[in-house]
Amino acid sequence: MAPNLTQLKQIKALLQELLEKMGVTADIATHVGEEHIFVDMSNVTPDPKVIIGQNGDTLLALQLVLSLIAGKKAGLESKLVLDVDAYRAKREQSLVALAKRLAAQVEETGQKVILDPLRPFERRIVHMTLQKEFPHLHTESIGEEPFRRIVITKQKPE
Numbered sequence: 001m002a003p004n005l006t007q008l009k010q011i012k013a014l015l016q017e018l019l020e021k022m023g024v025t026a027d028i029a030t031h032v033g034e035e036h037i038f039v040d041m042s043n044v045t046p047d048p049k050v051i052i053g054q055n056g057d058t059l060l061a062l063q064l065v066l067s068l069i070a071g072k073k074a075g076l077e078s079k080l081v082l083d084v085d086a087y088r089a090k091r092e093q094s095l096v097a098l099a100k101r102l103a104a105q106v107e108e109t110g111q112k113v114i115l116d117p118l119r120p121f122e123r124r125i126v127h128m129t130l131q132k133e134f135p136h137l138h139t140e141s142i143g144e145e146p147f148r149r150i151v152i153t154k155q156k157p158e
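Residue numbers (our numbering): 1 to 158.
Just to be clear, a hint being listed does not mean it is correct.
As the list claims (entries may be wrong) - Simulated pairs of lysine-lysine, DSSO-like, Cα-Cα distance not exceeding 27 Å:
#1 K9 <-> K100
#2 K73 <-> K9
#3 K154 <-> K100
#4 K132 <-> K12
#5 K100 <-> K132
#6 K12 <-> K100
#7 K90 <-> K72
#8 K12 <-> K72
#9 K79 <-> K21
Everything labelled a hint here was simulated from the structure, so no lab data went into it. For clarity, every value in this text was computed on a predicted model and none was experimentally measured.
Let's have the full structure, built from the sequences with the hints guiding it.
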């Protein structure tokens, strides 16, 4: 069921309250996608890094907390996606660039490359990028969460 205007206002108010407790102010905008509610923060003071955290850890934690509270207080059933100053798009661009650079390295040296651990949605970006642009290379995820990594190798002969 799609969220109503009252629920969107409640989400904004809940996020504003959480940010206030963190000593942060931000402009908040919401928009509804097909499967998600997107909550975008901009003009964050004192610094967007406070909300993003290392590798987006704080942003994801805040997203989880807000989702749980909004589910209970606003009866929200849709998944929330938080973003700050287009951090998610920038992160995706950096992952795509990393994937391409490492794929070129594998092509040049023939040596496999093992990436640092990534979250599932980040691994998906890498897998999809290489599948599309380097179909002759092979990628696979190894290990257990939260230390799951991607290995890039030359395609195995069949």
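- Would you pick out the hints that fail for this structure and give their numbers low to high? The structure conflicts with hints 1, 4, 6, 7, although it agrees with all the remaining ones.
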